[in-house]
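> Can you make the complete structure from the sequences, with help from the hints?
The listed protein sequences derive, respectively, from chains P and G.
So for the first sequence, our numbering puts the first residue at 40; every next one is plus one.
So for the second sequence, our numbering puts the first residue at 4; every next one is plus one.
Relax, there's no trap hidden among the hints.
When the alpha-carbon atoms are kept at most 20 Å apart in a straight line, the in silico PhoX-like pairs for lysine-lysine are as follows:
1. G:LYS335 to G:LYS357
2. P:LYS164 to G:LYS198
3. P:LYS164 to G:LYS202
Facing chain G, from chain P, some residues (calculated, C-beta under 8 Å):
4. THR203
5. GLU300
6. LEU407
The set of hints was computed from the structure by calculation and includes no laboratory data.
All of these numbers come straight from a predicted model, not from anything done at the bench.
We put the CB at the ideal spot given by N, CA and C, even for glycine.
Here is how the chains run, residue by residue.
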Amino acid sequence: MSIVTVQLGQCGNQIGHEVFSALCSDIRGTHGLCSKNENQSYQDSCKERFFCEEESAVPVARAVLVDMEPKVISQALSMAASSGHWRYSSHSHFCQKQGSGNNWANGYCVHGPRHKEAIMNLVQKEAERCDRLGGFFTIMSMAGGTGSGLGAFVTQCLRDAFPTSFILNHVIWPYGTGEVIVQNYNSVLTLSHLYHSSDALLVHENDVIHKICAQLMNIKQISFRDVNQVIAHQLGSVFQPTHPAGGGSGYSRNPLGDLMETLVPHPEFRMLGLRNIPQMPESSLPYSTFSWPGLLKHLRQMLIANAQMEEGIDWQVRPPQPGSSIPSTNKPLHFNTSIANLLILRGKDVHSVDVGSFQDPSLYTSWLNPQDAFNAWKTPRAFNKYEKSAALVSNSQFLLKPLDSIVGKAWNMFASKAYLHQYTKFGIQEEDFLDCFTTLEQVISSYTNL
Amino acid sequence: MRGRQREQHREQQRQRGPALPAAVGALCRALPPRARPAPDTLRRARFDRPQASLDFWKLLYVLLKQIHRGRWTESDAIGAQVSFVKWALWYHGYRRPQLQRLVADGSAGSRELLLAFSWLLHCPGLLEQLLARNRVQTGDETSLCTCEDDLPKSQEGPSDAGPEDRVDVRYLQWLNGRLRLQWCSLHAQHQEQCKLLHKIHLFTSGSHMDQNLGHFSVTEADLIRHPESYKQLVQLLDSETTQLEAFLEWKQLEPVYWQWMETVLDDMAEEGSMCESQDAHVEKRRLPEVNSCCPWAVKLAGQMDRLSWDLLALQEQLHQLVAQRRAAWWEKAAGGEKAVRESTIPVDGEKVKKTVGMTEQ
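Written out as structure tokens, the structure is:
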């Protein structure tokens, strides 16, 4: 079961490169804390998922790189090749000679259709190289211009060409105080289009990762590279091989399918948030000890209180009292109701961990019981030098407030018809905007009424 | 008359002579290894010996289970065996009521069972089906599930939904979504299987002794990796070859067997003509009580029931319609007759009535 990664735009290509680096360095490391056989299985499984073994010893990433300008792609290609441990295929990228203005509509309506055939050819070739296509993983930013528009178009093409494959979109939520003035328009357009084509949207917020870098990783001058490496670490903790939930000896052969089945069966609820614990600078790792109960306690409170990292959690927030039917308006403020949660545990003594605290029915919405809503995947092989690490992929109200805020700001701009000519010029009309607003309002309302 | 018939029978028996045991022997050898009766069982059944009944019930049970891809063990109860065989025979179209009336402990009726066995040989082609089912697998097959095993109607939902306990529609959407995603995973698995099969064929092309095939099958490719399993494969192939040879022998000697079965039928006709008069009102359908051993047969019975109910209802409706039309016509005819009588034109009322009556018919 192989996953084809589609890196879209500047953001997507930079993050994609960091993800493959993180995966590669994890499987080559000696920090596994498990038997040699287990380690070997883990390596083989990861390589089958993300890399293609070729005659040359270096594994080739199963990825398609797409961007309008050549700079970022060639950087990614050369950095990968120079690492000596993995590389990109030399035939799997698509770019144009010059960029094309920072415009969503331009990307969606003009560049997308124009380059559709070339891009889909690359994707098709990558897909055919897999013995089993386990799905697509696209990486892009939500608020960018051409990259986001093109990315939304490419996702649609993927869905048309592969109607039964799993598509997971990884989207980067922009900084609240971003520089691009039309970022809210772009975000609304991207999100609504993705909602129709993909199976799930896994979101990383730039503000949150920035805070993690500043407070947890103690980085003084935060560069994009630092942010991307934190994101890559979090994604790796989800996508590295895990044992399936029902036990069984081997690693799961259907990672995207398993993820989708546990979290996003319902077509209205597709937004996933990711929390990872612990997160600290590599230099501090040897001096730290972790205990599963402590980690899970923090993670659970992070879930309930919608905290973004393990510092500054509001411990006052409690789940509502069980036994009484509480309409959603009476729920305690700031309490984050979940639809479904997936807990991924990696490391030492993982089989003795008690995850009962996550199966509390009061954490979940009333129409889904914890047996259906909660799943835990446990793997004894440690990840990325963390002796114990836990990741929580959550389909919950995490993103309700940010989504509401973006839609609100976009609507205000739309109401005063600001900057609309940039979009109508290339083919996105006001009706299209209205459709997008409707879609997102529906999403917001579904999540609010949990 | 009777005496001469018996003379003829004995003459035919002498002519059949050695051919009959050979035919029965071939027949038994052509059956699958775990379901082979002793030829003696058939002979004893011809004379309706009770000792042969249990063996014969078991034989039919095992054979029918194989046809329907069911599972059985040596220790399955005789009651269950009897019930299954009766249902399965009914399903295949065997409607002889004497079989359905046989006792459930399997202690009698070996001749009836012999009759049923011979019918199975002929009508659904028992031997041919079994030979096809038990072929040595090459691993290159792909299957398409066409079974219509839908859930029984009275399925309990996860929450027994009464008027108060409604199920939230979002939960149903959730379940529906899971089903769809699992289907997508299954689809991907099928694609993977096809792809790997193609790889095997591609990498071994040109290596096969048979030029028409040109490549190895999965079983043959597996043999290369595990050469010690060739012994098992050879055994299986041997067994299949013996069965096929026995089948060919059987096909040549088959007419002898059917002649023999004719004598069995004659015997039964003689004896049966005395009891037949009592069963003048044969019930339309005689089946054992419903149990879970043959869901496919039970489903068929249910469908036939529904069909006959529907037909009866339709017949009722048609009768009613005809009666209404007839009443309407009579009224019209009566009205017309009255008008004619009251008019001044002298018309023969009887003639009119007759004409109206004729058209209505």
